[in-house]
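*Asks:* Protein chains in written order, with our numbering: chain A, 67 to 440; chain B, 67 to 440.
Don't read these hints as lab results, they were simulated from the structure. There could be a bad hint or two in this list.
The list treats identical chains as interchangeable, and a pair is accepted whether it falls inside one copy or across any two copies.
[As the list claims (entries may be wrong)] Capping the alpha-carbon separation at 35 Å, the derived lysine-lysine pairs in DSBU-like fashion look like this:
#1 K328 <-> K108
#2 K108 <-> K418
#3 K328 <-> K121
#4 K320 <-> K108
#5 K329 <-> K178
#6 K161 <-> K320
#7 K178 <-> K120
#8 K418 <-> K121
#9 K161 <-> K424
#10 K329 <-> K424
There are 2 protein chains.
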Amino acid sequence: MSDGPTGIVMMNLGGPKTLDDVNPFLRALFEDREIIQLPLQKWLGPFIADRRTKKIQQHYQEIGGGSPILAWTEEQGRGMVERLDRLSPATAPHKFYVAFRYIEPTSETALKQMAADGVTRAVAFTQYPQFSCSTTGSSLNELWRAARRVGLADRFTWSVLDRWPTHPGFIDAMAETVRQGLAKFAPEDQDDVVIVFSAHSLPLDVIDRGDAYPAEIGASVHEVMERLGYGHEYLISYQSDVGPVRWLGASTEKVLVELGAKKRTNVLVVGIAFTSDHIETLHELDIEYGEVAHEAGITNFHRAPALNGMPEFQDALADLVAGHLADGVACTPNYGFRCPGCVNPQCRNVLKPVAPYKRTAVTVSPKNAQYPSR
Amino acid sequence: MSDGPTGIVMMNLGGPKTLDDVNPFLRALFEDREIIQLPLQKWLGPFIADRRTKKIQQHYQEIGGGSPILAWTEEQGRGMVERLDRLSPATAPHKFYVAFRYIEPTSETALKQMAADGVTRAVAFTQYPQFSCSTTGSSLNELWRAARRVGLADRFTWSVLDRWPTHPGFIDAMAETVRQGLAKFAPEDQDDVVIVFSAHSLPLDVIDRGDAYPAEIGASVHEVMERLGYGHEYLISYQSDVGPVRWLGASTEKVLVELGAKKRTNVLVVGIAFTSDHIETLHELDIEYGEVAHEAGITNFHRAPALNGMPEFQDALADLVAGHLADGVACTPNYGFRCPGCVNPQCRNVLKPVAPYKRTAVTVSPKNAQYPSR
Chain A
67 MSDGPTGIVM MNLGGPKTLD DVNPFLRALF EDREIIQLPL QKWLGPFIAD
117 RRTKKIQQHY QEIGGGSPIL AWTEEQGRGM VERLDRLSPA TAPHKFYVAF
167 RYIEPTSETA LKQMAADGVT RAVAFTQYPQ FSCSTTGSSL NELWRAARRV
217 GLADRFTWSV LDRWPTHPGF IDAMAETVRQ GLAKFAPEDQ DDVVIVFSAH
267 SLPLDVIDRG DAYPAEIGAS VHEVMERLGY GHEYLISYQS DVGPVRWLGA
317 STEKVLVELG AKKRTNVLVV GIAFTSDHIE TLHELDIEYG EVAHEAGITN
367 FHRAPALNGM PEFQDALADL VAGHLADGVA CTPNYGFRCP GCVNPQCRNV
417 LKPVAPYKRT AVTVSPKNAQ YPSR
Chain B
67 MSDGPTGIVM MNLGGPKTLD DVNPFLRALF EDREIIQLPL QKWLGPFIAD
117 RRTKKIQQHY QEIGGGSPIL AWTEEQGRGM VERLDRLSPA TAPHKFYVAF
167 RYIEPTSETA LKQMAADGVT RAVAFTQYPQ FSCSTTGSSL NELWRAARRV
217 GLADRFTWSV LDRWPTHPGF IDAMAETVRQ GLAKFAPEDQ DDVVIVFSAH
267 SLPLDVIDRG DAYPAEIGAS VHEVMERLGY GHEYLISYQS DVGPVRWLGA
317 STEKVLVELG AKKRTNVLVV GIAFTSDHIE TLHELDIEYG EVAHEAGITN
367 FHRAPALNGM PEFQDALADL VAGHLADGVA CTPNYGFRCP GCVNPQCRNV
417 LKPVAPYKRT AVTVSPKNAQ YPSR
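Chain A on its own, in the form it takes in the complex (with noise of 0.2 Å):
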């Protein structure tokens, strides 16, 4: 049926794999408009990664010298597509491949490979469960950019998987690796855990333009505790939020300093927006955090294991690319709607689209002229 393989592009933030690796990532990161706007940004933004460089490797030294971000993507790559080819003969042979954000593998690299590998069908499928600008929307913007500087914008025929918070799957993964926190705890403290849905935070500005994030991590939470019988105290709040500006609360290191203050001794942390072990969960869950919840006096702090290499997951993947290929849609009707508070003409495209899809017209207005540009 296809001509070639199907591309299935699992698209992530991505991490440092060595220490060498960390100043190119942080100057990738902070050169983004997309997530950060910056006076000044071509100086600005190597001048705070180069600053920061050294804090970051010593992180990245305590976790074992490197994200394992890519070994588990490729792990859960391998998964999916052995079980697409089982669920959907039609689309097969299916292949993976990774598009990190800030480092290698990055877009233009699986793009090359995939036309090398003879793809014409792809899949861009963000490996991000909730849906926010700042993460998947800046993947697929730099994704349709990396197509065109490479000149293959014509060579694929693309749909984007664009969010999966409630995928039936996923929570049950999901569901699954909190019965493996709560294990941790003794018998006898089981009851008295309080669980916290942790999320990476967003600036209140990206929230304020109207910004999915927050209501589909929402419904991710909902639907795991759905599952869990809503048998324990739990709570949602947001971490990794640095800089002047103000970003959406509560915040997680706040919030366990106040589970210590009233006593509560038992607490189990749980990353709701990643799938798979990064220096946010390695470092910041685990050192950081942990250290801060023992300060409180949260004497037993447990994070709920990463999906990783959990079967289960791998599953879910299958299912939901399997799904998608079968709608035959080109995205989410919300992909198309572009934030009521945009200001970036980038947004929300599918290049050579396998479905016809609807985009927000772009309003340009004087203030939108400054972002971003690349």
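Since the structure of chain A is provided, determine the placement of chain B on it from the hints.
*Replies:* For chain B alone, coordinates are given in the frame of chain A:
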């Protein structure tokens, strides 16, 4: 086999029935330290209330001279208890009592009537589907205080139905109101409609303490959209923010202006946190935002009807209470779980609970001493 009727206390904000009720309503609202903390509140609260009275009276004048929320709540209550008597004969007869937070019938009135009717088993049933300390939390705190004030603290055995954001019957009814809203557009426009789910906003300080509200709004909306097959573009925004502090966004009003600027001409607004029409649907959404939408170029602006007298919603209310009575629990696990940043020692109580429940320990710091008292 309860002694006397089972009392179902339907708790809500309430609204002035007549123009003369506007001032006492506003005074009660602005004196509530659980919602608004003002310096010199006992003086400044009434001052602000008095200054706003004329404008708010004008708004009520424009919607027919008063709030219909009591009439709708009574109709919903009648439908609910009639169904409950059939669904749960073991706890029959059931009687409903309206307890508004800032206007008659207040908690005191409800409690006295319950005593007169011989009620001993009572359910405090919030009419806010999604939990917030500012709404359901404040109403419950007031209910327990009122019981003590009128000498009825020992009279009733209580349980609390504290949230129901994804109850299937509620979601079905909400999805039906959205369908009815979509039917207001011309057939050829229906695919183009953007659905704006609007909920009352909260100050960010409340969110940062760990309030569950935005997550539960997200969960409700996701379920409604699932019922509708995700067939439309949609987003969540927040209305009714006032004053100088920063509130949770995106702002409904701003979203409408921005959608207009993006040449979206078909917009359906849906009150996802309201179950009856009141000033914020009939005036703010229909009249004020209707004007905003018109000026922004949204030529087809409609609102989905509120649940009001819809029989399916009365089915949902009865099903909720019947399930709750059968479970025999005092509340959800999360009701006992005070927000990590909570500074209100009164929060999350259940007076004379029907079953054991756990409440997070109170931490009293010097900062707490000033907040709130009554």
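*Asks:* Are the hints correct? Go through all of them and say.
*Replies:* Comparing the hints with the structure gives:
1. When the C-alpha separation of K328 and K108 is checked against a cutoff of 35 Å, the pair qualifies only between copies, where the shortest distance is 30 Å, while the shortest distance within a copy is 46 Å.
2. In this assembly of identical chains, K108 and K418 lie within 35 Å of each other by CA distance solely inside one copy; the values are 31 Å within and 64 Å between copies.
3. For a Cα distance limit of 35 Å, the shortest separation of K328 from K121 inside one copy, 32 Å, qualifies, whereas the shortest one across copies, 43 Å, does not.
4. In the homo-oligomer, the alpha carbons of K320 and K108 lie at most 35 Å apart both inside one protomer (33 Å) and across protomers (32 Å), since each shortest distance falls under that limit.
5. Taking identical chains as interchangeable, the C-alpha atoms of K329 and K178 are never at most 35 Å apart, the minima being 55 Å within one chain and 38 Å between chains.
6. Taking the shortest Cα distances, K161 and K320 never come within 35 Å of each other, neither inside one copy (43 Å) nor across copies (44 Å).
7. With identical chains, the CA atoms of K178 and K120 are at most 35 Å apart within one copy only, with a shortest distance of 33 Å there and 68 Å across copies.
8. In this homomeric assembly, K418 and K121 never come within 35 Å of each other (Cα to Cα): the closest approach is 42 Å inside a single copy and 54 Å across copies.
9. For the identical chains of this complex, K161 and K424 are intra-copy neighbours only, at 28 Å inside a copy versus 51 Å across copies, given an alpha-carbon limit of 35 Å.
10. Taking CA atoms no more than 35 Å apart as the test, K329 paired with K424 passes between copies only; the shortest distance there is 13 Å, against 52 Å inside one copy.
In this structure, the hints that do not hold are numbers 5, 6 and 8, in rising order.
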